[in-house]
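S.K.: Put the two chains together into one complex, using the hints given.
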Amino acid sequence: MTLIDILAFSAVLGLIVFAVYRVNEVLVYNWDWSRVLSYILRVDDETGQYAANLLLYGLATTLRLAVWGTVLASVFGVVMGLWRTSDNLTLRILSRSYVELIRNLPPLVFIFIFYFFVSSQMFPAMGIDNINPDNAAVDNRVFRLLFGDPQLLPNFLAGALCLALFEGAYITEIVRAGIQSIAKGQWEAARAIGLSRFNVLRDVILPQALRRILPPLAGQFITLIKDSAIVSLISIQELTFMATEVAATTTKVFETWILVGGIYFVLCYSFALFFGTLERRASKTRR
Amino acid sequence: MKYFGALKGIVVAAALAVTTLGATSSQLHAQGLVEEIAQRGKLRVGLSTFVPWAMRDKSGDLIGFEVDVARKLAEDMGVEVEFVPTAWGGIVPALLAKKFDVIIGGLSITPERNMTINFTIPYAHSGQQMASNIELAGDFTSLDDYNDSSVTLVCRRGATPCDFIPKRFPKATLRQFDDEAQAFQEVANGNAHAIVSSAPKPTFYAADTPDKIFMANDGENLTRGNEGFGLRKGDADALNFFSNWILFRTSDGWIDERHDYWFKNKAAWEEQIGSN
Numbered sequence: 001m002t003l004i005d006i007l008a009f010s011a012v013l014g015l016i017v018f019a020v021y022r023v024n025e026v027l028v029y030n031w032d033w034s035r036v037l038s039y040i041l042r043v044d045d046e047t048g049q050y051a052a053n054l055l056l057y058g059l060a061t062t063l064r065l066a067v068w069g070t071v072l073a074s075v076f077g078v079v080m081g082l083w084r085t086s087d088n089l090t091l092r093i094l095s096r097s098y099v100e101l102i103r104n105l106p107p108l109v110f111i112f113i114f115y116f117f118v119s120s121q122m123f124p125a126m127g128i129d130n131i132n133p134d135n136a137a138v139d140n141r142v143f144r145l146l147f148g149d150p151q152l153l154p155n156f157l158a159g160a161l162c163l164a165l166f167e168g169a170y171i172t173e174i175v176r177a178g179i180q181s182i183a184k185g186q187w188e189a190a191r192a193i194g195l196s197r198f199n200v201l202r203d204v205i206l207p208q209a210l211r212r213i214l215p216p217l218a219g220q221f222i223t224l225i226k227d228s229a230i231v232s233l234i235s236i237q238e239l240t241f242m243a244t245e246v247a248a249t250t251t252k253v254f255e256t257w258i259l260v261g262g263i264y265f266v267l268c269y270s271f272a273l274f275f276g277t278l279e280r281r282a283s284k285t286r287r
Numbered sequence: 001m002k003y004f005g006a007l008k009g010i011v012v013a014a015a016l017a018v019t020t021l022g023a024t025s026s027q028l029h030a031q032g033l034v035e036e037i038a039q040r041g042k043l044r045v046g047l048s049t050f051v052p053w054a055m056r057d058k059s060g061d062l063i064g065f066e067v068d069v070a071r072k073l074a075e076d077m078g079v080e081v082e083f084v085p086t087a088w089g090g091i092v093p094a095l096l097a098k099k100f101d102v103i104i105g106g107l108s109i110t111p112e113r114n115m116t117i118n119f120t121i122p123y124a125h126s127g128q129q130m131a132s133n134i135e136l137a138g139d140f141t142s143l144d145d146y147n148d149s150s151v152t153l154v155c156r157r158g159a160t161p162c163d164f165i166p167k168r169f170p171k172a173t174l175r176q177f178d179d180e181a182q183a184f185q186e187v188a189n190g191n192a193h194a195i196v197s198s199a200p201k202p203t204f205y206a207a208d209t210p211d212k213i214f215m216a217n218d219g220e221n222l223t224r225g226n227e228g229f230g231l232r233k234g235d236a237d238a239l240n241f242f243s244n245w246i247l248f249r250t251s252d253g254w255i256d257e258r259h260d261y262w263f264k265n266k267a268a269w270e271e272q273i274g275s276n
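Same order as they appear, the protein sequences are chains A and B. The opening position of the first sequence corresponds to residue 1 in our numbering, with each subsequent residue numbered one higher. The opening position of the second sequence corresponds to residue 1 in our numbering, with each subsequent residue numbered one higher.
With the rest of the complex left out, here is chain B (with noise of 0.2 Å):
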């Protein structure tokens, strides 16, 4: 859509507005985030569509990595669940207008977002991936080929990708997509040499596509990601019950279990989703 190159821009215009409407109207409610969601019986995740984190099931249910791992923060913290599915363009300016308490959306962490919003530790490392053509990029040798002006890039708008791409590869061509999906088909088209988007999605496609699409860099991660939890500022209880609350999963191991589930046994889900 043609609208979308203002789209930045008003996402943060937003976002700081949002911000010092939010400061003044904050200091009137002393009450934590975290005795609100108690009083209410709710807790309000904002997530997006993003296989395997957060996708729909054959009867249309939310399952996923990022699903469970609501559904039990919820369970813990005794209260009921809502998903309040957003589009990824507008999850963070949704959520200083307080449309749900938290962001469970394979958010990573960076420094950028930091301003704006405040982040958990870490409750998954999921980092980048590289699907290439065969045709076009077949016979690169090594990363650095894809450093070149011939190479087209692509990546979906706005997630960490595209902020990567221009860093690690700066001769090359980028071009976005706002879906994912699109972004494959460039690729499998022979119309781009390669995607970088987030573990484990390349290897999925991958292995649909064996004939067409190979995985850069031995299948090995280019980058190391961090997802964490995003919260409106302010709310330093709320950032230390999260926090600790993924601190406690990740001890027993809860979480590493679930990450396994949904990132390493694609067969063990694939019939949920009525995949073939």
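In isolation and in its complexed conformation, chain A is listed as follows (with noise of 0.2 Å):
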């Protein structure tokens, strides 16, 4: 570390304080963060223990959809991107117009359009919404660590599904570039052994694609942690609508928000972090 190193450093730590020091002034603003926390946790009158609440629960179904989310996109993505690359012109033409259609609407029309049009006519059809709630089958543990709450079961697969198709098609491109990246002699070599297409894309292009496709792809990925927020619109009850009511309730915006923002950085960064370490996983095994 020079000197330089330690002078800028300073300077940018002076502007923190500065600006931290600098919203009082300006703010006309009573802080209080215990009632903001103790709807992260809260202790219960009856038994004097800790318990969850909204802000956690809210967390939960944020981390459910992430999971969904992205396990989905892939699938779409993946199969979509294999589609823009076929010798197909039927399925070109498909997945261009999926990949189009959703880049060019901007997300929070694009999932209202979904929710009110498409999932309110497809899950009473698929008879999701006539569910009982109380069936052994879905109230139960496992079901509600995948799920969450069985109640709110329709509104929470119209939340991941709207995610998936949204982030897929962003992941369609990435895959579909990291595919295009291959050289052509490697496809005509391949082929030249006389492997079938599907062989050569699971074990020529893919593994030597999968390598240049996972940096853009994590950053996909945390944009979907990060895009879950706006599911929230369509009463998804994930972490920004449990923070709206918990502001509107104790009126306390700004201990909400930073504390929300807090959560969300902490997620999206150890996601960074883990996809970092397959990364250099991967360019381990490069021979």
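Rather than coming from a laboratory, the hints here were simulated on the basis of the structure. Bear in mind the structure is a predicted one, so any value in this text is a computation, not a measurement. Treat the hints with caution; some may be incorrect.
To be verified - Quick list of simulated restraints, FRET-style, between CB atoms:
| id | chain 1 | residue 1 | chain 2 | residue 2 | range |
| --- | --- | --- | --- | --- | --- |
| 1 | A | Arg144 | B | Gln39 | 24 to 34 Å |
| 2 | A | Asp32 | B | Glu82 | 29 to 39 Å |
| 3 | A | Leu101 | B | Thr141 | 51 to 61 Å |
| 4 | B | Glu82 | A | Leu195 | 50 to 60 Å |
To be verified - Okay, derived cross-link-like pairs now, EDC-like style, lysine to aspartate or glutamate, Cα gap no bigger than 20 Å in a straight line:
| id | chain 1 | residue 1 | chain 2 | residue 2 |
| --- | --- | --- | --- | --- |
| 5 | B | Lys233 | B | Asp218 |
| 6 | B | Lys171 | B | Asp148 |
| 7 | B | Lys42 | A | Asp139 |
| 8 | B | Lys42 | B | Asp61 |
| 9 | B | Lys58 | B | Glu271 |
| 10 | B | Lys58 | A | Asp45 |
| 11 | B | Lys212 | A | Asp32 |
| 12 | B | Lys171 | B | Asp139 |
| 13 | B | Lys266 | B | Asp208 |
| 14 | B | Lys233 | B | Glu112 |
| 15 | B | Lys233 | B | Asp61 |
| 16 | A | Lys184 | A | Glu173 |
| 17 | B | Lys58 | B | Glu270 |
| 18 | B | Lys212 | A | Asp45 |
| 19 | B | Lys72 | B | Asp256 |
| 20 | B | Lys58 | A | Asp32 |
| 21 | B | Lys264 | B | Asp68 |
| 22 | B | Lys42 | A | Glu255 |
| 23 | B | Lys58 | A | Glu46 |
| 24 | B | Lys42 | B | Asp235 |
| 25 | B | Lys167 | B | Glu112 |
| 26 | B | Lys72 | B | Glu82 |
| 27 | B | Lys264 | B | Asp218 |
| 28 | B | Lys42 | A | Asp149 |
| 29 | B | Lys58 | A | Asp44 |
| 30 | B | Lys212 | B | Glu186 |
| 31 | B | Lys58 | A | Glu255 |
| 32 | B | Lys171 | B | Asp144 |
| 33 | B | Lys72 | B | Asp61 |
| 34 | B | Lys98 | B | Glu36 |
Each residue gets a CB set at the ideal place from its N, CA and C atoms; glycine is no exception.
M.R.: Structure representation (structure tokens):
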């Protein structure tokens, strides 16, 4: 660390301290963290023990959305990405339309349209709306861990599907770019030794493409976690929705959003670290 | 959020489309909403957080005037109640898309809204109040002083004050916020002259920050509001049932008693939301 580094660091730190100090001058505000923090963990009046409160429930839903969103978006993205590079015209048109439709709509507009036009027709038709929440098949621990409160299942599914469709379009493009970045000679050589198209993809192209795909894919998954906040508009009770309720009830707006911002940061940053490890591992196995 | 400009258009479009789709399907189901609720054994109520109509207590449960009304209604129908907390901007489309049976959410009766949904007779009359910044508006003598191009007024997007402000104060600048608390903060910070919002929130707010905020118009309501339950169109039986329930519970004094509890005396329930 040189002297210039130290000076630069002190300057940045000084600016932050000054900004925090100025906030109290500009804002007319009584800070009170305790009320907001009690919406993460509360002390149960009867048992005297700690119990989870709204914000933790919201975080759990956000995590579920992130997991399902990531899994489904990867499936959509890989399938559509392969279609994008397919020789079949119909498949190319279908995947191209999917990507362009979603890429050229603001997320909020897409979610609104999907929720009120598509999922509100699709789920009743599939009978999801009529699932009895007290049924033993859904009212158990595993189900709750995976999907949350059975009563909110249609909402949750709509949110997860929406998010997956949305992010899937971007992953499609990442997968397509990854596959197309592999030199044509690899295809030709693999086909020349008699491998089928499927085998070429599985054994030759995708392993190489995966290493190039990983960094942009990591970025996209982190975006997915952050974007999960927009499904709060359709009343999916995830972190942002719960935060809105807590802020409205307590009127402690700044504490709520600073806290929730911190939670999102920790969540996304741990994801980034995890993907960093994956990338290093992938580059080590390079032959 | 930058996308919210498009929201109103989408809400209207979604509402119209869902009504059209709903019209064909409702002919297939002759059974009315009231029978449906009885059969299901559960009344599903859409609402949005709005102190003191509906809010979260310390353990995260819903409490408030609205919540009491919905619970009593369900009790009188002999069914359970399920609350569906919904973002305010999407509450009408969500009703039309059958996400719940009825909006009991402090929804003011307006002709515009009545074009898309049905309203029962009113169960509350809230009205709007104005809370002003002392430094900026302390020397204003009448409401007409607010009708000036140098004045900035704020409101919560999608709420009735946003329609009222341009009519009553056409010269003033109107800024809208997604969240009521943000709007209040703008007034406290001196970035806006006043907020117009449903009673009694401005009163509560002025009481919390007496050195910065005062009640314009001596705390008198600027308007008289009429809040009704919101229902999907096309079910006269359900409308009749809910309206008469309100009539019944207004006559026996129950609704007034609950309304006074939540609106007149904040000290009575402050402890439940852990307020100081």
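S.K.: Which numbered conditions among the earlier hints are violated in the structure presented, ordered from lowest to highest?
M.R.: 5, 15, 18 and 22
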